[in-house]
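Chains G and F, in that order, give the protein sequences. With our numbering, you'll find the first sequence wraps up at 214, consecutive numbering, no jumps. With our numbering, you'll find the second sequence wraps up at 156, consecutive numbering, no jumps.
No wet-lab data here; the hints were simulated from the structure. Glycine included, every Cβ here is placed at the ideal spot set by N, Cα and C. Do not rely on the hints blindly, as some may be mistaken.
As the list claims (entries may be wrong) - Listing some non-contacts, in silico: residues in chain F with all C-beta distances to chain G over 12 Å: (1) Ile83; (2) Ser92; (3) Arg128.
Stated by the list, open to error - Computed footprint of chain F on chain G, listed as stretches where at least three residues anywhere in the stretch have a Cβ under 8 Å from a Cβ of chain F: (4) 65–71; (5) 87–100; (6) 114–124.
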Amino acid sequence: MAGLVRARQAMGRFCGGAWTAVRAAASATGDRLRRCRFAAWVEDYLEAARRRNDQAAIEETKTCLRAKRRSLALMLSLLSAEQREEFRNYRYFHAIGGRTGIRYRIRVASFANIDIVGSNGRTMCRLCAHPAGDVPVYDVMAAQMLHLEDAATERAFLRSANLHPATSAHERRQGWALRVL
Amino acid sequence: MDKSDISQLSHLSRIGRMSIMDRSGHKELTWDMARQDEILAAKETFEQLMKKGYAAFGSRQKADARRLVREFDPSLEELVIVPRTVGG
Numbered sequence: 034m035a036g037l038v039r040a041r042q043a044m045g046r047f048c049g050g051a052w053t054a055v056r057a058a059a060s061a062t063g064d065r066l067r068r069c070r071f072a073a074w075v076e077d078y079l080e081a082a083r084r085r086n087d088q089a090a091i092e093e094t095k096t097c098l099r100a101k102r103r104s105l106a107l108m109l110s111l112l113s114a115e116q117r118e119e120f121r122n123y124r125y126f127h128a129i130g131g132r133t134g135i136r137y138r139i140r141v142a143s144f145a146n147i148d149i150v151g152s153n154g155r156t157m158c159r160l161c162a163h164p165a166g167d168v169p170v171y172d173v174m175a176a177q178m179l180h181l182e183d184a185a186t187e188r189a190f191l192r193s194a195n196l197h198p199a200t201s202a203h204e205r206r207q208g209w210a211l212r213v214l
Numbered sequence: 069m070d071k072s073d074i075s076q077l078s079h080l081s082r083i084g085r086m087s088i089m090d091r092s093g094h095k096e097l098t099w100d101m102a103r104q105d106e107i108l109a110a111k112e113t114f115e116q117l118m119k120k121g122y123a124a125f126g127s128r129q130k131a132d133a134r135r136l137v138r139e140f141d142p143s144l145e146e147l148v149i150v151p152r153t154v155g156g
């Protein structure tokens, strides 16, 4: 009888241990499963975020291109036939100051894009002034031309513009290097 | 310009166009020179923009050279509104 009791206790211990082992194994598997699911969810989330960012970048590029096209159309409608032709050929056009009669060359650039052209045709200095706000480059050029060609606004425009040397530091270095060579 | 001045323009049936420069290229506002409500809406927009420091350049006909405009004139066929200039 005592032997039977001991056998039952041993069996119970054995079964209990096995059950504990089974439960531990199941728990580890569940953890792994949960971790896998979490990793998959993170991956999906990142992928979706990446797709959203790509889409936003594409939309932004499209919007920029559309804005550029619209501003180009407006600028071309404001230019005279000669200015339009000049712009198509050289990507710049000349404007004559409405008050001073100075000759300006307006180039496609976002910084210091107005050259003051001397009587010898050389650039004397550069001006930097543009409309406030994030307007496309062709709107900037159109606005600069309107201000410079009008006698009533040219002076005010020149006052607000920053003056830059005719050649940039980089160009000066290039020129110096060429002279040395 | 008051309503009597606007009514004098009612025999005209041309369309005026205001191009307002902004980051989208520009926004367009048109008005029929024979319609007072459209003229008043355009005038209101013009005055709001002038208060913000914008400059306006206009011409009576599209082919003409644009000149600085300080007051809204509904008989102008084309108006270009430019944001205030800042030094770069």
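Verification of the supplied hints:
1. Ile83: About 15 Å separates isoleucine 83/F from the closest Cβ of chain G, which puts it past 12 Å; holds.
2. Ser92: violated (5 Å)
3. Arg128: holds (15 Å)
4. 65–71: Per the Cβ count (0), the hint is violated.
5. 87–100: holds (count 3)
6. 114–124: Violated - the region 114–124 of chain G has 0 residues with a Cβ nearer than 8 Å to chain F, which falls short of three.
Against the hints set out earlier in the document, violations occur for numbers 2, 4, 6.
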